[in-house]
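**Q** Single-letter residue listing:
4 protein chains.
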Amino acid sequence: MTDFFKGISPIKFEGADSTNPLAYRHYNKDELVAGKRMEDHIRPAIAYWHTFAWEGGDPFGGRTFDRPWYDKGMEGARIKADVAFEMFDLLDAPFFCFHDADIAPEGATLAESNRNVREIGEIFARKMQSGRTRLLWGTANLFSNRRYMSGAATNPDPDVFAYAAGQVKNVLELTHELGGDNYVLWGGREGYETLLNTKIGQEQDQMARFIHLVIEHAEKIGFKGQVLIEPKPQEPSKHQYDYDVATVYGFLKRYDLDTKVKCNIEVGHAFLAGHSFEHELAVAASLGMLGSVDANRNDLQSGWDTDQFPNSVPETTLAFYQILKNGGLGKGGFNFDAKVRRQSIDPADLLYGHIGGLDVLARSLKAAAALIADGTYDKAVDARYAGWQGADAKAILGGKVSLADLAARVEKDNINPQPRSGQQEYLENLINRFV
Amino acid sequence: MTDFFKGISPIKFEGADSTNPLAYRHYNKDELVAGKRMEDHIRPAIAYWHTFAWEGGDPFGGRTFDRPWYDKGMEGARIKADVAFEMFDLLDAPFFCFHDADIAPEGATLAESNRNVREIGEIFARKMQSGRTRLLWGTANLFSNRRYMSGAATNPDPDVFAYAAGQVKNVLELTHELGGDNYVLWGGREGYETLLNTKIGQEQDQMARFIHLVIEHAEKIGFKGQVLIEPKPQEPSKHQYDYDVATVYGFLKRYDLDTKVKCNIEVGHAFLAGHSFEHELAVAASLGMLGSVDANRNDLQSGWDTDQFPNSVPETTLAFYQILKNGGLGKGGFNFDAKVRRQSIDPADLLYGHIGGLDVLARSLKAAAALIADGTYDKAVDARYAGWQGADAKAILGGKVSLADLAARVEKDNINPQPRSGQQEYLENLINRFV
Amino acid sequence: MTDFFKGISPIKFEGADSTNPLAYRHYNKDELVAGKRMEDHIRPAIAYWHTFAWEGGDPFGGRTFDRPWYDKGMEGARIKADVAFEMFDLLDAPFFCFHDADIAPEGATLAESNRNVREIGEIFARKMQSGRTRLLWGTANLFSNRRYMSGAATNPDPDVFAYAAGQVKNVLELTHELGGDNYVLWGGREGYETLLNTKIGQEQDQMARFIHLVIEHAEKIGFKGQVLIEPKPQEPSKHQYDYDVATVYGFLKRYDLDTKVKCNIEVGHAFLAGHSFEHELAVAASLGMLGSVDANRNDLQSGWDTDQFPNSVPETTLAFYQILKNGGLGKGGFNFDAKVRRQSIDPADLLYGHIGGLDVLARSLKAAAALIADGTYDKAVDARYAGWQGADAKAILGGKVSLADLAARVEKDNINPQPRSGQQEYLENLINRFV
Amino acid sequence: MTDFFKGISPIKFEGADSTNPLAYRHYNKDELVAGKRMEDHIRPAIAYWHTFAWEGGDPFGGRTFDRPWYDKGMEGARIKADVAFEMFDLLDAPFFCFHDADIAPEGATLAESNRNVREIGEIFARKMQSGRTRLLWGTANLFSNRRYMSGAATNPDPDVFAYAAGQVKNVLELTHELGGDNYVLWGGREGYETLLNTKIGQEQDQMARFIHLVIEHAEKIGFKGQVLIEPKPQEPSKHQYDYDVATVYGFLKRYDLDTKVKCNIEVGHAFLAGHSFEHELAVAASLGMLGSVDANRNDLQSGWDTDQFPNSVPETTLAFYQILKNGGLGKGGFNFDAKVRRQSIDPADLLYGHIGGLDVLARSLKAAAALIADGTYDKAVDARYAGWQGADAKAILGGKVSLADLAARVEKDNINPQPRSGQQEYLENLINRFV
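Residue numbers (the numbering used here), protein chains in the order written: chain A, 604 to 1038; chain B, 604 to 1038; chain C, 604 to 1038; chain D, 604 to 1038.
Heads up, a few of these hints could be off.
Copies of the same chain look alike in the list, so a pair counts if it fits in one copy or across any two.
What the hints assert, rightly or not - With a Cα cut of at most 30 Å, we get these calculated DSS-like pairs of lysine-lysine:
id: 1; residue 1: K856; residue 2: K997
id: 2; residue 1: K675; residue 2: K1003
id: 3; residue 1: K928; residue 2: K863
id: 4; residue 1: K802; residue 2: K615
id: 5; residue 1: K827; residue 2: K675
id: 6; residue 1: K982; residue 2: K615
id: 7; residue 1: K1015; residue 2: K730
id: 8; residue 1: K863; residue 2: K615
id: 9; residue 1: K615; residue 2: K1015
id: 10; residue 1: K856; residue 2: K827
id: 11; residue 1: K639; residue 2: K802
id: 12; residue 1: K827; residue 2: K639
id: 13; residue 1: K827; residue 2: K1003
id: 14; residue 1: K639; residue 2: K1003
id: 15; residue 1: K609; residue 2: K982
id: 16; residue 1: K997; residue 2: K675
id: 17; residue 1: K632; residue 2: K928
id: 18; residue 1: K856; residue 2: K928
id: 19; residue 1: K639; residue 2: K997
id: 20; residue 1: K1003; residue 2: K863
id: 21; residue 1: K982; residue 2: K639
id: 22; residue 1: K997; residue 2: K928
id: 23; residue 1: K609; residue 2: K1003
id: 24; residue 1: K982; residue 2: K928
id: 25; residue 1: K982; residue 2: K856
id: 26; residue 1: K639; residue 2: K856
id: 27; residue 1: K934; residue 2: K675
id: 28; residue 1: K856; residue 2: K802
id: 29; residue 1: K934; residue 2: K632
FYI, nobody ran anything at the bench for these hints, they're computed from the structure.
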């Protein structure tokens, strides 16, 4: 045991009346909600990068945190792994997620980097055997090193494409060996800083080829998990090709990848793309692309990715409604892609962030389940579309009626449709009964 | 002749040194640019709605303009048509565009409304025979009347879908009879005001069916023009399904419409979707979806659609570069989807707007053509991607190499790619030599 | 009695378990919160414009509502007044607010317009005698008529300034006679559409003079209420001079008006200016400028003023915290500057909007009061600044120490300040205990 | 001589036809514009931080540049100074600007840090004696070190305030000794990350006291330059107190600082605050607060501070118009607060950025001067306000007329003001004649 969280006891569920800041007030993993354990609904995961690798820097200042594993190479990586699993235990976390670069230092060559990652991977494997925390997903960091400054799969230099392939092969295999449920592709540099030096068509072809290679390799090694793309509109690039769910769908469809890849949807990325989180979830669900979720929130006034912990029950309830109506997240889960603020420099702050986030998810899950169980809301929405259940309407959608038929019918029957209230305020009030 | 533009002579090209505000300084329609007449490159069109139907209102105030055709029903519609063609002549405009609701007042029934539209359509036909102005595109207004408040094709009420079909049939046929080169679908209400009362999947199915009906009818009547969707992310709706080019592509691809429909791309809509105009053009070109352009600009500080006339040569030059590299707009053109400000209440203001816009387009076209003719810029971009011309790189894109092959090669050859400058500043300076 | 709300009974408090959509679930006017009646904390008001004058139009479509008072001149104005007071009774509303143009039609001259306003004002006076609803504030509409298209007080034409003065004099006097607690100035056209035709200095001088005239007249007639400016950054203008609270403060200070005018702060205007609502409240409180509140919310994805009803208890709780810490709103209140969506066309929708909004305010008030009563939060914030209570620190703020003194002290004592956690996540969790 | 710019000759003016990317095409320092040398109008400065201290990192990746002075402590600082002055010579730059932290590494104590800064300051002094480059302004970096994570002057810990004082004293004195024309205060951390842990009133009092201390010390040491605040709305903080020019004015006015401090206005900061650059210049000019300019541009689609080189002549011309009408920048100048992109890793890229920026400034200066010399534009704007030159109108502004007087006059004379065209399109076209 390290002494990083010295004096802090495991976080327990104490109920809504607890005033203990180091206790769950709502997250009660074994509580049944709509017939399923809360933990099995949420499948919460801790993100290695924000929690253990981020140092508190921002564009105008460097490291504010002071961690015993900084600047110590592989020895630091081992200390970091120890603290990570101590924290997983403290929080009783069922899942975690990582990039290769989060867990081990870069070596002088790809081979050495990959060996470093594998060495820590072995430590993970041992710790996972003795503990309960599993791997929600793994991923490769193809954006921090300067070699990726102009993209990984979309780099103008094919050697960078190859290097990225070598990195992904390693992490995909490690993810598979650690029993990970998903492998995620986030294309932070797959896009452009300026259109002036960019061939969009060429780069998209490269990206599609890369994903095909990943899918083929996943099949070859017998990986049964989901492969997920994580949409984000921009940052660090000015424009990223995986802008939002609808854009990713078009890309996958174009390159015959739409049946093989789903989306990992992040709250803050939805916001930066001009959408609500529930919108992105609803779009993904309508396209059969809802894979997993990166739980966080974005500051409403900041134009960059702030990755804060979720803290609004009303907002998150709308998200859970979409997820529950879609039958849940399946192999996906809620990865806390969230970091404590750079002024939150104490070890306990890491716990406060996750505790608060989990409590918000728990309240939201229960609210959404109650909303669905009540049924009033769903009935109101169904009633709005009831007209499309008629035989004539079905014939239209079924392709049995032409434009001219419809025009003739309107003129003949002098159809003059009367608008009906959209009832937005009524529905908002109704939902507020449950949050 | 009406006296609306009394005392104003036809607008002529007078050259860059002219200080006459009612003359073209750069737009010289017969001047050859890259071997083609300037007019044939730009194919400029005047939008009936902003120029003749808009009354100067905004959300906080009503009509500011005072036009002799207001509040006069069909008689007003005829006066309006007279003034419109007088203005087309004054500006020597080769094209115009219209919605049905712009040109004729709504009747008590769909049949009467359509008859009104046809009556003015006949006036247009006569005027077009004696003049040179042609129809770039027609479209149906499926958003202003309260019956469309919850959408047209995506309305929860199938009768509204049918009504919209009746309207589109009429305008599509009129567009065809007037020799229009394109028919445009803009779905200002095809989206939602609140996700709370909306079934996205159901509504998208409806929209796809509607477009299929339009395509089938166009084929039936022998319409040879392009059918275009005009992307816009929001406004009037909170969210519109035709968010941007990439989203429209995914939708069309999903419903087997991608070979039948292209995009009409608007500058201000690109901006509201978080993109540059040239980005949307480049994406459309890479997808074979570049159909036509709605020329305007958005105020950089306003969060709504301001539809101002284009006035930045540097920005518009980047757009023309994309268009020229794509082989031009074909049957498309530059429709001025732009309105004079609500304080610009004089008839001459309508002319200033279009003259200034055309001069900006003319300067930009010449700048882009010169940039391409010079060749330095294109060579710099090609050089950046030269690596992908090698045999090994082509094998990657050709699907001949696996992830494992690539990984092995990197480790074996100890490949360590070195970044190369993206040269953004150099390229920006280079382009500034031409604007 | 009109039959507008036919069949709807007065809205009563039924408690949190009620499923009646036409009942208050949380707003219980006589319930004591922190020793004061809930109604006396909130002082809710109904806005005449959104509720009775707005017709459901937006920039892409006209009227969707169908009200018995439309298009009927003064007769319609009387019906409208009847329905308004029926609704005030139904909702048991203690306050309302109006512009002159909301309540009576414009006449052929200023004199006639003012007489129309006064005639309806007399109806109001009679109804107010027999009912309990009072006037929170009155104001003049200086933005809808085309004469104000280039501003009212800031118009380049001094005759418009004079006309506006004539309108304000009338409404200010009516507000006084009706016992209004406040008079509001909202400068929707006091700004510019383009800086190109604007002299900012000249216009600001005009605006300051106008406000001085209003203040002097208010004093002359014995008006004891507050005079309030309502900040908004833009819309309808591209830029409005009353951008936000800090900007208004600078303007008032510059022209010696800062002791005579306070702010009416609107949620959605704060958002459009790039601020949170609680930020604007906190700034106003720190400057002694917190006068009243326009309660609403803005859609998070729309770039224009959406004026929706508040529906987020967590967000509104932060606002109430600022208000309660400031000692409450005094003569101010919560005016629902909110409108039902244009698809919410039924009379009942008007009630749903206000009921939901009031319930959110009630829950938020109670949450904020509980947060303050608990004390943990305030103590945590006080502790953060405790260092400034020391004698040395007070000497610094008291101006007793020079830059050189401080520099010398740091070097001599080798002061090396250590950062302390900002505890953002801890505080967020703490607050979530109360919402 | 270092070999950093090996093989690159001094940048010369070669005229608009030059295709040499390492030549000025428009910036011709001795060319007279409106009777003054171009260099004396622009007073361009090179920013030490972006050019020599920034390493190419962003929130998702580290250093991309490879400079011989990195990671070498004071020895590196000396190499950096050598290269900096070589670059000043290559560009023939008349000015530069720096933060203390840019030029020398932090020491173990404030005393050591300050000594490091002074040691490099002496090198600067020697180089400035033999060269022509002078100091436009100096400033202290009070935001990068973790001690400042919660602010400098506004820190909850008074020791941090003191530490900041010690740093500013040193740089202010060095700036004075090096003959700097200005001293700049940029409060990147003077604001908050969350309002939840923040006392705005307390922090503003601290900030005002700090500025008073700086002013007093500047007077004590005989510094004759301007003291400038640089407004920015946010980033790194969520909210910064120096939001924009109007906010800074209110703050200065409140604390009796408005006659002692002016503004250093940055293009990108104006954009992030929701303003155009020319707006901020016009506001500052109207308040007598226009001190200096940070020349750059922000990406239009990115929500963070991108600090790119200016490249739009039309936009920058509007800025120069405001500056020239204000009588020029006096002791201020155009500091290129701009950095090459992180992919622009070659030494020549640093030159391309500055060359392109200077050429844009030169073209814009000439365009604005020509616009003013022509006079048509100014006359049009004057004509718009001509009504306020009448005796009656002057009496209004002079406070000789009451609200009641004005109201009576409107009713008596039946004044009915008619709107006049705002002529926005005409004015835009007019300006486009000069760019």
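**Q** It remains to establish, for every hint, whether it holds in the given structure.
**A** Verification of the hints:
no.	hint	verdict
1	K856 with K997	both (27 Å within a copy, 23 Å between copies)
2	K675 with K1003	neither (70 Å within a copy, 41 Å between copies)
3	K928 with K863	within (22 Å within a copy, 34 Å between copies)
4	K802 with K615	neither (53 Å within a copy, 34 Å between copies)
5	K827 with K675	neither (36 Å within a copy, 50 Å between copies)
6	K982 with K615	between (38 Å within a copy, 26 Å between copies)
7	K1015 with K730	neither (75 Å within a copy, 32 Å between copies)
8	K863 with K615	neither (39 Å within a copy, 55 Å between copies)
9	K615 with K1015	neither (69 Å within a copy, 49 Å between copies)
10	K856 with K827	both (21 Å within a copy, 28 Å between copies)
11	K639 with K802	between (49 Å within a copy, 26 Å between copies)
12	K827 with K639	within (23 Å within a copy, 57 Å between copies)
13	K827 with K1003	between (42 Å within a copy, 24 Å between copies)
14	K639 with K1003	neither (43 Å within a copy, 46 Å between copies)
15	K609 with K982	between (52 Å within a copy, 25 Å between copies)
16	K997 with K675	neither (67 Å within a copy, 42 Å between copies)
17	K632 with K928	within (21 Å within a copy, 38 Å between copies)
18	K856 with K928	both (24 Å within a copy, 26 Å between copies)
19	K639 with K997	neither (36 Å within a copy, 51 Å between copies)
20	K1003 with K863	between (33 Å within a copy, 20 Å between copies)
21	K982 with K639	within (24 Å within a copy, 40 Å between copies)
22	K997 with K928	within (24 Å within a copy, 45 Å between copies)
23	K609 with K1003	neither (71 Å within a copy, 44 Å between copies)
24	K982 with K928	within (13 Å within a copy, 43 Å between copies)
25	K982 with K856	neither (33 Å within a copy, 32 Å between copies)
26	K639 with K856	neither (34 Å within a copy, 38 Å between copies)
27	K934 with K675	neither (35 Å within a copy, 50 Å between copies)
28	K856 with K802	both (20 Å within a copy, 22 Å between copies)
29	K934 with K632	within (18 Å within a copy, 49 Å between copies)
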